[in-house]
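Trainee: Protein sequences appear in the order of chains W and D. Going by the numbering used here, the first sequence opens with residue 4, and the numbers climb by one from there. Going by the numbering used here, the second sequence opens with residue 4, and the numbers climb by one from there.
Hints were generated in silico from the structure; no laboratory data involved. Treat the hints with care, since some could be wrong.
Since the list can't tell identical chains apart, any single copy or any two copies may satisfy a pair.
What the hints assert, rightly or not - List of simulated lysine to aspartate or glutamate pairs, DMTMM-like, C-alpha gap at most 20 Å: (1) K303 with D122; (2) K383 with D122; (3) K272 with D386; (4) K371 with E481; (5) K303 with E392; (6) K266 with E300; (7) K228 with D122; (8) K303 with E37.
Everything numeric in this text was worked out from a predicted model, so none of it was measured.
Protein chains: 2
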Amino acid sequence: MLNKKFVINIIGLVLVFEAFFMLISAFVSAIYGESDLIPLLLSTLITFVIGGGAWFFSRNASKDLGKGEGFIVVSFVWVFMSVFGALPFIFNGDIPRFTDAFFEAMSGFTTTGASVLSDIEAVPHGVLFWRSTTHLIGGMGILVLAVAILPYFGFGGMQLYNAEAAGVTNDKLHPRITQTAKSLWGIYMLLILVQTIFLLFGGMSLFDALCHSFGTVASGGFSTKNDSIISYSPYIQYVIIVFMFFAGTNFTLFYFLWKGKFKKIVHNKELQIYSLVLIVSSVVIAVTLSLSASAAEYEKNFRDALFQVTSIVTSTGFVTADYTIWHPALTYIIFLLMFAGASTGSTSGGIKIMRHHILIKNTMLEFKRMIHPSAVVPLKIRDKVIQKEIVYKVLAFVMMYFVIFVMGSLVLTFFGMDMDSSMGAAATTMGGIGPGLGTVGPMNNFAAVPEGAKWVLSFLMLLGRLELFSVLILFSPEFWKNS
Amino acid sequence: MLNKKFVINIIGLVLVFEAFFMLISAFVSAIYGESDLIPLLLSTLITFVIGGGAWFFSRNASKDLGKGEGFIVVSFVWVFMSVFGALPFIFNGDIPRFTDAFFEAMSGFTTTGASVLSDIEAVPHGVLFWRSTTHLIGGMGILVLAVAILPYFGFGGMQLYNAEAAGVTNDKLHPRITQTAKSLWGIYMLLILVQTIFLLFGGMSLFDALCHSFGTVASGGFSTKNDSIISYSPYIQYVIIVFMFFAGTNFTLFYFLWKGKFKKIVHNKELQIYSLVLIVSSVVIAVTLSLSASAAEYEKNFRDALFQVTSIVTSTGFVTADYTIWHPALTYIIFLLMFAGASTGSTSGGIKIMRHHILIKNTMLEFKRMIHPSAVVPLKIRDKVIQKEIVYKVLAFVMMYFVIFVMGSLVLTFFGMDMDSSMGAAATTMGGIGPGLGTVGPMNNFAAVPEGAKWVLSFLMLLGRLELFSVLILFSPEFWKNS
């Protein structure tokens, strides 16, 4: 029997937590003395009462748990957070329709950053702060999920996080989940703090600096400006590049940095490949852009290339240039990078470098296996043998990722979106990025997307953020038969 | 040590065989009394002398063979056939440039059907017949390859052909390769003969009927008309639909039909799924097309849908309608079907139904494995357990297919082709289909494609036709270290 009470208890608790953050946005509103104070307080109240009530009446839930409860909690938490997170947008009338407001909130909590807002600068500060706070919360959520919960579920090869990147099995980053979570959240908050200071130095207001830091370190991408990062100074753009890079790094490596274990950082295979992908892609794009440009534009081309590549690979989604008007090869590279993802154990979404590495390595080994059919050819990363079961799960994950991408984009075309826009929209939402191609490109937003398509895209964001299987398993009869 | 003499011997023999077929085209030219007689005779002579010479001087090659020789022979045979097969196009001036003529010949021998000819009807009968003959030869080649040679190489899960579809392991279609090949060729020729008769009944000339039958049963797609099958009668279009369907069926099933083993046909899983894919896709397309059409167009819409779906899935590439001007969802479906492929053991190219079936089934089983982590959950097809090793190889194959698709299309965008055209061109050549999207759509041809891109596309045709690994392995250092 499914332990329903426990599920309700946890979701209630998370909603109380959400209400607390809403209250902070209400304070921001009070500071600016704007019209959104009452809507924000009302949202806080509703969320607190319903969340607190659910938590209170289920407080005697037994602690008898299986994986089933885990799967349900994870998916439902994101959905309920988005339902209540949509309230401020609706109550203040910035995004009056529920579909749109839910899309915006889901985009925030999944740290995607795709927006339906056409005029962001018309939205009052309290609601805008709430919008960026959804990234902050989403980022915190995903860190716990990636390190503590998903490896326990045992799918998609996330066990690798332990095996390769670090800590949990070999070095015991911290023996207990709550301790691990607290360490990661400490690093997360520290990164936000440091980035905010750097942005303040660049002349940003405290409000904008905080919102952009939330958006960066959570790899979200909501900006407080209509043109994202385009009009900011090169200094600010470089600061954001650096912190996007950090957000896409395995957070355990910052722990090693703290402990002075530099060797562990330098030898981290995923960090090496992640850096290589960024450098090679940026150089190819910068050089191609510069072929038809004057020397005066070289620095800007390099900066735009590095910014867009880092923004897409880390699944942040901030924009400094319209990559859809670049040479078709460059637009295509950006589209392909939407399937990259950054490091495991970071806030970034998508497939992630480690999985790609395993797949490519395994495919190369296939040749060896073909030439020596009877030999045992194991896959190793830094001399550690990766179990065949894990390779198998990684293969299944990536396969499922593409199946969902194809089915998702196909459904979007049935809503009348053209092929490029559909593929771009599916790729960018699954990867948790933000901007896509065509009608949902970096200079557009998702306002004009058909109503039904917005629900599809919200679902794709959820799927991508929760590593597919933890959501999909809820649709499997086998799951309910066993619960 | 690589047995080079043996490789030369086999290639020489194949060229002699090719010269024999060229001579037939010369006869056709003589019948029509056209200008291409001398060019065809010259091509025949050159091919015969070089092929025969190579064969003669290597006739004492030892029979000491490994897989290495097999891999080399397979790739080189297709390349050399295309080099010599390009001669008639060049000598008669229909396709004066070598790049273009090689592309056309490779497209023929790989039974792709992508063409650089803008005015097909201006080409004399002898050369046109040679063009269709490349399909005939390519189809014969692939039948032997699929049944006798690729399973022996042991990659991409082609062993399945034996395990599931039939004959070779369980029922011993014929114990010896040559016997098997002869049986398959018998079925192949019979299908061509029957289709030719049906087309003659529809009022086609013998010449056109033969050429179109070659193009159909080999799943090639070269037509003798500028507008492919568009202007032909509904009767002829239906005949071609039926024979495209046959060409995409596992040829062993025809053997069972002959032997009266109907149960084996009805219970064939791949045939069932293959049929289902065709029916579901056609119905979705026909209904969507008919939503905005008058009742008078229903039959034509159904016919166009069924024709295009069958043509793409079987990798034939004949055209009766411009699917690029359909509703974006329908164009996208056609694009996705370019990755389908028909049955194993047929003349069709691409990934093929059986591999998709295994992947989808395996992904579904992942859920079961997640819920019961310690249980052994084997993959079964019709109660037969498919070895994990084979599932693994299928996964690696499909992964490699997409990696090459992505890399191939990326290279094409660097030649300045737009994203849709590049993706369409890479998908259609790898799948051995013919028409793509955008500038290489069904109403266009490959004449305007940049020179370098034509070489890339020729290589993609070869890769796709030879199931990737048998070509790619030649680029692996491991291979040459062992040979």
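Trainee: The structure should be examined with respect to each hint, and the outcome stated for every one.
Mentor: Hint by hint, here is what the structure shows:
Within a single copy, K303 and D122 get their C-alpha atoms no closer than 26 Å, and across copies no closer than 48 Å, so neither meets the 20 Å cut-off. Taking CA atoms no more than 20 Å apart as the test, K383 paired with D122 passes in neither setting, with 50 Å inside one copy and 55 Å between copies. With identical chains, the CA atoms of K272 and D386 are at most 20 Å apart within one copy only, with a shortest distance of 11 Å there and 42 Å across copies. Taking the closest pair of Cα atoms, K371 and E481 come within 20 Å of each other only across two copies (7 Å); inside a single copy the shortest separation is 38 Å, beyond that limit.
Taking CA atoms no more than 20 Å apart as the test, K303 paired with E392 passes in neither setting, with 46 Å inside one copy and 50 Å between copies. For the homomeric pair K266 and E300, neither the shortest alpha-carbon distance inside one copy (38 Å) nor that between copies (71 Å) is at most 20 Å. Taking the shortest Cα distances, K228 and D122 sit within 20 Å of each other inside one copy (9 Å), while across copies they are farther apart (55 Å). Within a single copy, K303 and E37 get their C-alpha atoms no closer than 38 Å, and across copies no closer than 62 Å, so neither meets the 20 Å cut-off.
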